[in-house]
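J.: These protein sequence lines are chains F and D, in that order.
Residues in the first sequence are numbered from 283 upward in steps of one, following the numbering used here.
Residues in the second sequence are numbered from 283 upward in steps of one, following the numbering used here.
Everything labelled a hint here was simulated from the structure, so no lab data went into it.
Please note: incorrect hints may appear among the correct ones.
Where chains are identical, the list cannot tell them apart; a pair therefore holds if satisfied intra-copy or between any two copies.
To be verified - Straight line, CA to CA, 20 Å or less: simulated SDA-like cross-link-like pairs of lysine to any residue:
1) Lys436 - Val369
2) Lys436 - Glu342
3) Lys436 - Gly307
4) Lys520 - His494
5) Lys436 - Gly318
6) Lys436 - Ala306
7) Lys436 - Gly406
8) Lys436 - Arg299
9) Lys436 - Ser512
10) Lys436 - Ser298
11) Lys436 - Arg296
12) Lys520 - Ala457
13) Lys520 - Val489
14) Lys436 - Glu349
Protein chains: 2
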Amino acid sequence: VYTPRTPRVVAARRLSRRREREEAGRFLVEGPPAIGEALTTPGAVVELFVTVPALDRHPELISATREQGVRVSPVTEEALAGLAGTVHPQGLVAVCRRTDVELPVALGRRPRLAAVLVDIRDPGNAGTVLRTADAAGAGAVVFAGAAVDPYNDKCVRASAGSLFHVDVVVARSAAPALAALRQAGLTVLAADVHGDEDLDELADARVRVPIHGRAESLNLAAAAAVCLYSSARAHRSKEQSQ
Amino acid sequence: VYTPRTPRVVAARRLSRRREREEAGRFLVEGPPAIGEALTTPGAVVELFVTVPALDRHPELISATREQGVRVSPVTEEALAGLAGTVHPQGLVAVCRRTDVELPVALGRRPRLAAVLVDIRDPGNAGTVLRTADAAGAGAVVFAGAAVDPYNDKCVRASAGSLFHVDVVVARSAAPALAALRQAGLTVLAADVHGDEDLDELADARVRVPIHGRAESLNLAAAAAVCLYSSARAHRSKEQSQ
Numbered sequence: 283v284y285t286p287r288t289p290r291v292v293a294a295r296r297l298s299r300r301r302e303r304e305e306a307g308r309f310l311v312e313g314p315p316a317i318g319e320a321l322t323t324p325g326a327v328v329e330l331f332v333t334v335p336a337l338d339r340h341p342e343l344i345s346a347t348r349e350q351g352v353r354v355s356p357v358t359e360e361a362l363a364g365l366a367g368t369v370h371p372q373g374l375v376a377v378c379r380r381t382d383v384e385l386p387v388a389l390g391r392r393p394r395l396a397a398v399l400v401d402i403r404d405p406g407n408a409g410t411v412l413r414t415a416d417a418a419g420a421g422a423v424v425f426a427g428a429a430v431d432p433y434n435d436k437c438v439r440a441s442a443g444s445l446f447h448v449d450v451v452v453a454r455s456a457a458p459a460l461a462a463l464r465q466a467g468l469t470v471l472a473a474d475v476h477g478d479e480d481l482d483e484l485a486d487a488r489v490r491v492p493i494h495g496r497a498e499s500l501n502l503a504a505a506a507a508v509c510l511y512s513s514a515r516a517h518r519s520k521e522q523s524q
Numbered sequence: 283v284y285t286p287r288t289p290r291v292v293a294a295r296r297l298s299r300r301r302e303r304e305e306a307g308r309f310l311v312e313g314p315p316a317i318g319e320a321l322t323t324p325g326a327v328v329e330l331f332v333t334v335p336a337l338d339r340h341p342e343l344i345s346a347t348r349e350q351g352v353r354v355s356p357v358t359e360e361a362l363a364g365l366a367g368t369v370h371p372q373g374l375v376a377v378c379r380r381t382d383v384e385l386p387v388a389l390g391r392r393p394r395l396a397a398v399l400v401d402i403r404d405p406g407n408a409g410t411v412l413r414t415a416d417a418a419g420a421g422a423v424v425f426a427g428a429a430v431d432p433y434n435d436k437c438v439r440a441s442a443g444s445l446f447h448v449d450v451v452v453a454r455s456a457a458p459a460l461a462a463l464r465q466a467g468l469t470v471l472a473a474d475v476h477g478d479e480d481l482d483e484l485a486d487a488r489v490r491v492p493i494h495g496r497a498e499s500l501n502l503a504a505a506a507a508v509c510l511y512s513s514a515r516a517h518r519s520k521e522q523s524q
């Protein structure tokens, strides 16, 4: 049983830092639901750290992991706590390979709906938008410019497994990514409350969720939900009328 | 300048606990934007605790507070930190009076849209729904059953001032509240992913945000945003066709 000082555990713990994640091309996923989603992507899970009580509590997850030829490593409670970002990871943390793809690859799959997160720094908001985009039927989610790392632990948790469902793209600069999306035939709608003019120039149109009451604005993830579902509804009603 | 041991500060600090808030009928609001919203409701702010640097940084807010005859109490940084739930409350925390009303009062104002939070325990989600309901034009938000206290500090922060914009109602039991809403002519739509049958019986219909992708579900606040804006849109298109 590995302790917090076992080299494999020490190496995995370093993945809590963005630079280490980028160098290793790996990140951490915690808890049975998210790890279950990771296992649906063949090759995504590299190693599963599990406490001894959790080995007994999650027999199906453990055997699904072993069936993929993935190493299952028993760890002490203390070692697991050091790997987990939450208080209750239910005894399971997996090391996963990055799953993001280059934008041309994502566009090659002809997504009809995509979400582009430009400079979105809050990991909870970014992960929630990723989850909502998946639910609304988006094929790709682009983390652009100064946006948070999609493999940040809070973002991974908020995405609730959707990180493994859609094509995630990391684009250092928003402008070329938006140009490529337009060239692929997608209509680019800018929904930025701060009214970034540079972004406007790259968009086909600007949209705004109407504020009917006295609220100054919407929470970013709530606004994204309304926008993404409006697009999904528009696509579907267009299909039906054709 | 008050310290953490000054009796007024000690008494205010107790308001971080629900029971103390209920007994005192008061709660804490932190940061300039939310306190600014509180000041738009006459009589809501009872006392403003402010650090000496913040006195200089927010002259308009301080004078608006004084104009309402509200006591402005300078405190040490340490005293303010003890009152604040966040790391950066920008030197200001206000003691406010509860602003919720009884359901008949809220219904007397004939809201066309209302949100009922049944058993919603997560304060961030509840506060975000309150903010979104306000934005979508809801007149009332009911915290029902085992829902979080609307005056919980995280809920207050997530509401971003909307706590002071709409009629907030606290209903110990959901069933009579839903019955009253129906009697007032509102259509009750149940949007519970867990499919609470008791709730279904009290609703006119059940709605579900469609999942087009592979996500299992939506985050509660995202689902509420889509539902509330769908209702708002339906109301408006009905108005236009009349």
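J.: Could you run down the list of hints and mark each one as holding or not?
T.: The hints, checked one at a time:
For a Cα distance limit of 20 Å, the shortest separation of Lys436 from Val369 qualifies both inside one copy, at 13 Å, and across copies, at 19 Å. Neither within a single protomer nor between protomers do Lys436 and Glu342 lie at most 20 Å apart by alpha-carbon distance, with minima of 26 Å and 37 Å respectively. Within a single copy, Lys436 and Gly307 get their C-alpha atoms as close as 18 Å, which meets the 20 Å cut-off; across copies the closest is 35 Å, which misses it. In the homo-oligomer, the alpha carbons of Lys520 and His494 lie at most 20 Å apart only across protomers (16 Å), although the nearest pairing inside one protomer, at 27 Å, exceeds that limit.
Taking CA atoms no more than 20 Å apart as the test, Lys436 paired with Gly318 passes inside one copy only; the shortest distance there is 18 Å, against 31 Å between copies. In this homomeric assembly, Lys436 and Ala306 come within 20 Å of each other (Cα to Cα) only inside a single copy, at 19 Å, whereas the closest approach across copies is 36 Å. Taking CA atoms no more than 20 Å apart as the test, Lys436 paired with Gly406 passes in both settings, with 6 Å inside one copy and 15 Å between copies. In the homo-oligomer, the alpha carbons of Lys436 and Arg299 lie at most 20 Å apart inside one protomer (12 Å), although the nearest pairing across protomers, at 27 Å, exceeds that limit.
When the C-alpha separation of Lys436 and Ser512 is checked against a cutoff of 20 Å, the pair qualifies neither within a copy, at 27 Å, nor between copies, at 29 Å. In this assembly of identical chains, the alpha carbons of Lys436 and Ser298 lie at most 20 Å apart only when taken from the same copy (10 Å versus 26 Å across copies). For a Cα distance limit of 20 Å, the shortest separation of Lys436 from Arg296 inside one copy, 16 Å, qualifies, whereas the shortest one across copies, 31 Å, does not. Taking identical chains as interchangeable, the C-alpha atoms of Lys520 and Ala457 are never at most 20 Å apart, the minima being 28 Å within one chain and 40 Å between chains.
Taking CA atoms no more than 20 Å apart as the test, Lys520 paired with Val489 passes inside one copy only; the shortest distance there is 19 Å, against 22 Å between copies. For the identical chains of this complex, Lys436 and Glu349 are neighbours neither inside a copy (29 Å) nor across copies (43 Å), given an alpha-carbon limit of 20 Å.
In terms of the numbered hints stated before, the structure departs from hints 2, 9, 12, 14, listed from lowest to highest.
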